[in-house]
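Given chain A's structure and the hints, the job is docking chain B onto it.
Here the protein sequences line up with chains A and B, keeping their order. For the first sequence, full-length UniProt numbering puts the final residue at 132, and the numbers step up evenly by one. For the second sequence, full-length UniProt numbering puts the final residue at 332, and the numbers step up evenly by one.
Derived by calculation from the structure, the hints in this document are not laboratory data. A quick note: this is a predicted structure, and the numbers were derived from the prediction, not measured. Mixed in with the good hints there might be a few duds.
As the list claims (entries may be wrong) - FRET-style restraints, in silico, Cβ to Cβ:
id, chain 1, residue 1, chain 2, residue 2, range
1, A, Thr91, B, Val163, 26 to 34 Å
2, A, Phe20, B, Leu97, 25 to 33 Å
3, A, Ala73, B, Gln168, 18 to 26 Å
4, A, Ala104, B, Lys81, 17 to 25 Å
5, B, Ser58, A, Met26, 33 to 41 Å
6, A, Asp67, B, Asn108, 43 to 51 Å
Claimed, not checked - Far from chain A, by Cβ distances over 12 Å, these chain B residues were calculated:
id, residue
7, Phe44
8, Ile49
9, Phe102
10, Gly233
11, Met239
Ideal Cβ positions, reconstructed from N, Cα and C, are used throughout, including at glycine.
So the chains spell out like this:
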Amino acid sequence: MNDKNIIITGLIIFFVFLTFPFWYNMGKASPVPEPKLTDKAKAAKECVEPKEYMKAEHMQILDIWRDGVVREANRVYISETGKKFNMSLSTGDDSCMGCHSNKADFCDKCHDYASVTPYCWDCHIEPPKEKK
Amino acid sequence: MNKKYMYSLLAVIVLILLPYVGVEAVGLQVLFGIIIPYLAVLIFIIGFIYRVMDWASSPVPFRIPSTCGQQKSLPWIKQNKIDNPFTAGGVIIRMILEILFFRSLFRNTRFGLNEGPKISYVWEKWLWLAALAFHYSFLTVLIRHLRFFLEPVPVCLQLLEKVDGFFQVGLPGLYMSGAVLLAAVTFLFLRRIYLPQMRYISLAADFFPLFLIISIAITGILMRYFTKVDVVGIKELAMGLASFHPTIPDGIGVLFYVHLFLVSILFVYFPFSKLMHMGGIFLSPTRNLPNNTRAKMHINPWNYPVKVHTYDEYEDEFREKMKEVGLPLEKE
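Just chain A, same shape as in the assembly (with noise of 0.2 Å):
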């Protein structure tokens, strides 16, 4: 039976697409990111709270000030080890993007690679590097 070429058309069209991945990487080296720390990131030696912590929960954390902030007026973190902290994403030294002032190397790198668009950035804008 002449049905078994369009079956056959078909079985192909539907496993190249189920193996896209596959050929779409196909001699290409993706270097897994690592996110550059700041010299004054390094010299402070932890964030807010600890780095694993940090690493999953970030966004949580920035979520939760937000709302704090926003709502409450609140803008005083107390960490788990009991250190105040002043809660704000983008203004002045002592917030987040005080320390960690190189948006490209740190937050964009594994952003980029995991494709998360955070939408931070749709109201905050990173603050302007020092122009010497």
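Just chain B now, kept in the frame of chain A:
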């Protein structure tokens, strides 16, 4: 308690525990992260081809479309060109509507016996709605997962993620497709449990894929929104698989291995189960054949040559004898 779903549930629980113990206690990351996923994809491809080619080699000698409208007949009788197609074009439209919109499910009716006694047919659309929600959200989730297998991630994928996370609920942003998938598959499961007639006809093979998909969805949702896993590490592993340089990065949570193992099981199970309706829907002879039974000559492919003796030959053989007794003859 019902044996059929208890067996399936137990099977899935064992399948969850296997990678959990294997990775957490024995440290079999290579087995669960590299070997089993590759094997699963291989079995899926070979099994899929085997099943489809098996179907393809079955002859379909006659047109057996289910006719859901007026057949093409006399010129002044209006034909239903989609529900009773006569041409390949009509068949293609019928198939597209069936595959993309589940048209035959849409026609689902529920039979009821009312007081009187009176018979009623209720338009039952919940199954159609849940099936549509389930399949499309599953497709979206599947395509979204390509972000782990492609580097750089194509723009269209990022667009899909934007649309899927449109409501910007919480952080990491809630994906609609994940929530809809879990809700729809739960509905499809409860339907089999709560409707007595559905429970009666449901087998372990009906419950197993439901439990499996529910577990896959739950582990995925847990990883994204609750107990976080190392996404960058997972992408490194996935990219290793996709570029045939498999690696096992350190520090990926065990939940990821459970998720990956369940998906591998789904891939392995797929070609040998009812899930093959994915390929089968294209090959359903009651949908993909034009209704031209009388208009075209259809020859049975397994017809063997039959020895025939026509009337002409018969007359030639017995002409003289027939003439003698005065029988009428075609040829003198």
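Point to revise | Contradicted hints - numbers only | key: When the structure is compared with the hints, numbers 4, 7, 8, 10 and 11 turn out to be violated.
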